[in-house]
Amino acid sequence: MSENSAAERNRELVLRGFTEFAAGNVDILRTLLREDFVEHSPGNPSGRDAFIEFIANSPVARARLDLKRIVADAEYVVVHYHMDPRSGGRGFAVADLWRLVDGQIVEHWDVVQSVPESSDVPNGMF
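Sequential numbering from -13 applies to the sequence shown in the numbering used here.
Simulated from the structure, these hints should not be mistaken for lab results. Where is the CB? At the ideal position from N, CA and C, for every residue including glycine. A portion of the hints provided could be inaccurate.
Label-pair restraints from in silico Cβ distances [said to hold, decoys possible]: (1) V24 to D106: 33 to 39 Å; (2) P102 to V24: 30 to 36 Å; (3) N30 to G10: 19 to 25 Å.
Build the full structure now, drawing on both the sequences and the hints.
The structure is reproduced here in structure tokens:
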């Protein structure tokens, strides 16, 4: 498989998963994450089942997720989105980095930043 086709396959897999998750289907993670999934974000558990339970009970599972961009190569996919917790405020800018092997996610990193006042970001957050 060429690097371009692997990148496109990974991009489509993560995009489908993001779309399903954003629509409220937390169980989509069971098909996307490998059982020995490794989490690199502080405070989040590793392992597919522990991670899914953690995410299902976290604010992200109830938030509105507005995808801004997705970037992929043959091994990694990055999604950049606005997470609106629906509880007021401006929400968060999130970048998730997923590593895939054989069509499943094996590792995850993220960066989460509070969205500041518009006047503080003259070129916009997204």
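Hints, one by one, checked against the model:
1. V24 to D106: 33 to 39 Å: holds (35 Å)
2. P102 to V24: 30 to 36 Å: holds (32 Å)
3. N30 to G10: 19 to 25 Å: holds (20 Å)
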